[in-house]
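Chemist: Sequence:
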Amino acid sequence: MEGGLDTEVSHTSSAHATAPLGLALVAGSLRNAGYTVTVIDGNGEDPYRVNTFDIPYNSNRLSTKFKMRTAGLTPAEVVSKIPPDVDVVGISCMFTHNWLADRHLLNYMAEHLPKHVTFIAGGESISGLAEQCLKQVECLSVCVLGEGEETAIELMEALEKKTDLTNVKGIVFKRNGIITKTAKRNRLRTLDDLPLPAWDLFPVANYEIHHNLPEKNNAPTLPILATRGCPYTCTFCTSPDMWGTRYFMRSPQNVFNEMVWLHEKYGTISIEFYDLTAIIQKRWVLELAELIKSYDRKIYWKIPSGTRSEALDQEVAKALLESGCYTLTYAPESGSPRMLDTIHKKVSIPRMLQSIKGSKQAGLYLFINMILGLPGERHTDVWQSLWFIARCSWLGVDEMHLGIFRPYPGTALHNQLAQQGEIQYENDDYFIDSIMCIEEAKSSFNNKNVAASWYKFYYPLCFVIFFSVKYVRTPSLFIRTAKNLYRGVYENRIERFLLYFIQKKRNYWFFPEQAGHAAP
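7 is the number of the first residue of the sequence shown in the working numbering; add one for each residue after it.
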């Protein structure tokens, strides 16, 4: 379930349903091992319906007028789809901001399903906060840590045979109120041998469709994972805790085979790589690009560059574009060399700018990911990031994702803040903060060097600078934006904001009873 808080300022539920690759991989492994698997994608089943309801939570700082919003099925509808002879129910919680909704769903299912049902949970957020989750939800028995394919099979075997769960590596379980963490499981290495994700169990037709492809396509975008882990140790990232720092790659041929399978079985021509750091070896990505180029049908794909932008030169960018890669994402996170060192982000700003220039000259559509509010950030660091953003825009970067730092469980920064007492679990403020938008009056920040009021100024300023440079550099964009707004569509964040603003004003003028309810 996608969770959010309903306030007078913002609406945070997901606007699109994205395919849950982790669940599909675990479902495929369980089915391959002989288990009967039913999947209920609560968000994907009805992604554009939003439910607002009261939900129990405990907050020291926030008003009780907040309500929970979830996109998709209600808890009652989820329960109605669960087979009556079910023995084990598992949920996935990837992000901290979903936990309050998932906790509510678990408690609701426990009230309405047979008492013998065992509830388990997995995902990145669960991996980082397993003990807290077990303490907060009475019915929750087991949390799976990290990769779930092998663990899920061994856990099912142990539950079926009623053997001691301490023999199952990579879990945290609760029995008679006592929480036990088992030995760490070794990483999966032979990734080519894993079963394909069980997309036939999911409502793939409801997943997000990218209409900005070079040709018309109404098939959903489906994801793929070509690599696992990341050799870097960024302090804001969950990868070291969830995956580990050992980096394993599937063979280019194996990845290509799955892409062809996705196209031929589900008709998709748009494939998104969910890798943390996909481009480590230049030879690997060139080989994959050649295989895709050799296919007699067109497949479009998008990929994150990860940290090693020096591996992405103009030769690689040209090969990516010729093979149908239409979007590439860079993740500098900050334009301050000092902050990059602080968060252990192994990025060379000059090399990244050179790589961005080459990728744009090759014709790729480029994103950059940036973060504001990292602990220890100073005003000078923010201004360096603003200058970096302007340079990226001038080099032709098409879009920017700008996030406000939130300490994800299991990260080095989260653990540091918890040790300092800035993160506590006696109430739900930590989970509520993960949902709050920057515009909200009580939105909190984990940086003592820059006041919250300054971040509320810097956040829109980043977008103003990025898009001002972009439109000054390419004046024809003004005409294109005007046409898009007239047609009621958007291609970038600034057009999305303007369209939302226009819709909101139109509702205010012509439909006063709907004012404030236009979906951004």
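Among the hints, erroneous ones may be present.
Claimed, not checked - Restricting the straight-line Cα-Cα distance to at most 27 Å, the calculated cross-link-like pairs of lysine-lysine (DSS-like) are: (1) K352 <-> K87; (2) K489 <-> K462; (3) K288 <-> K324; (4) K190 <-> K175; (5) K363 <-> K324; (6) K288 <-> K363; (7) K304 <-> K352; (8) K87 <-> K73; (9) K187 <-> K175; (10) K190 <-> K141; (11) K167 <-> K141; (12) K190 <-> K168; (13) K168 <-> K141; (14) K299 <-> K288; (15) K324 <-> K304; (16) K168 <-> K366; (17) K363 <-> K352; (18) K141 <-> K175; (19) K288 <-> K187; (20) K167 <-> K190; (21) K187 <-> K141; (22) K366 <-> K299; (23) K141 <-> K73; (24) K167 <-> K121; (25) K363 <-> K299; (26) K187 <-> K168; (27) K299 <-> K324.
Said to hold, decoys possible - Each pair of labels, with its calculated beta carbon distance range: (28) R499 <-> D198: 54 to 60 Å; (29) G409 <-> N182: 19 to 25 Å; (30) P120 <-> A458: 44 to 50 Å; (31) K87 <-> R289: 27 to 33 Å; (32) N260 <-> W460: 47 to 53 Å; (33) A488 <-> P120: 58 to 64 Å; (34) R357 <-> T251: 19 to 25 Å; (35) H385 <-> A189: 44 to 50 Å; (36) K304 <-> W460: 44 to 50 Å; (37) N260 <-> A457: 48 to 54 Å; (38) R499 <-> N260: 19 to 25 Å.
Please keep in mind that the hints were generated in silico from the structure rather than gathered at the bench. A quick note: this is a predicted structure, and the numbers were derived from the prediction, not measured. Glycine included, each C-beta is placed from N, C-alpha and C at the ideal position.
Chemist: Checking against the hints above, which ones are violated?
Modeler: 1, 2, 7, 16, 19, 28, 29, 31, 38
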